[in-house]
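Please put together the full structure from these sequences, using the hints given.
So the sequence lines, in the order shown, correspond to chains X and W.
Numbering-wise, the working numbering puts 15 at position 15 of the first sequence, and it's gapless, one number per residue.
In short: position in the second sequence from 1, add 1000, done, that's the working numbering.
Some hints here could point you the wrong way.
What the hints assert, rightly or not - When the alpha-carbon atoms are kept at most 25 Å apart in a straight line, the in silico DMTMM-like pairs for lysine to aspartate or glutamate are as follows:
no. : chain 1 : residue 1 : chain 2 : residue 2
1   : X       : LYS139    : W       : ASP1044
2   : X       : LYS38     : X       : GLU22
3   : X       : LYS139    : W       : ASP1042
4   : X       : LYS139    : W       : ASP1083
Note that these hints are calculated values from the structure, not bench results.
Bear in mind that the values here come from a model prediction, so they are computed numbers and not experimental data.
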Amino acid sequence: MNLFRVMEISGSALLAERLRAEIVTANLANAETTRTEKGGPYQRMHVVFGARPSQSGSGPGSFGTMLASFADLHAEEVRVVNVVADQAAPIRRFEPGNPDADTQGYVAYPAINPAEEMVNLMGAARAYEINVSAVTSTKAMIQSAIGLLS
Amino acid sequence: MSWLSGPQMMFLERYLDLSTMRQTLVTTNLANIDTPGYHTRDIDFRGELNRALDAPLTTVSAPFTREVRGLTERPDGNNVSADRESMLLAETQLQFKAAAAILRAQFAQLSTAIREGQ
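Structural data, given as structure tokens:
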């Protein structure tokens, strides 16, 4: 196991959390969007995280891979497995003057709760921060290992 | 037995290895802080160090990782505690730094010997 791979694990989390923040921001931005390319109102999106064994960078069967396979049994990167649309029914508001209103005068708006999205965004930001501190810590360890050479 | 493969060096080497291993696990736990169903994993540092020191020098044995008990599980089945992992992150970093500093001092001694104490 080398420390650079440890940084890659943290890096995978940074990537995943940033994507989550992006999706949440898109949900917030489109909270009132009634027209989409697919037709109908915008649908709230969710990210699905999954743990995946971290991939070794070196080629198959090399000494490094063999050695790493002993130590990496439980080193798992996080990956965004899927981005799924929320199946909740849209919220119907009575706005007869709206060009998107149906025959009864109701407009379908996305079922998005801004408070819920903000909490989600804060969660993503906190998780991002904690992984940045993990990178900082690993960096300090690499520095002290390099210090052995000087 | 040569000075470089002496018990002190071996101890430091294993210590650094295990610190790295633990850092990997702590980092993995932190990376999966929002993964549904993920459970915190850790090693018994002291126990693994003793086991590594008892084993012959040439054998490479994988440390046993175990799921940590007694942590509060969230409704999504994840039980990673940010506080616990942050503490361990700091602790592991300091352990690694300390071992690296001692190792460096050992090499400095050797260097002094090579330079005939000058």
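Hint check:
With a CA separation close to 24 Å, the supplied pair X:LYS139 and W:ASP1044 stays within the 25 Å bound. Annotation: proposed proximity of X:LYS38 to X:GLU22 holds, straight-line Cα distance about 21 Å (limit 25 Å). Distance check on the hinted pair: X:LYS139 and W:ASP1042 sit about 21 Å apart at the alpha-carbon level, within 25 Å; holds. Pair hint X:LYS139 plus W:ASP1083 holds up; C-alpha atoms about 20 Å apart against a cutoff of 25 Å.
Violated hints are absent here; each numbered hint is respected by the structure.
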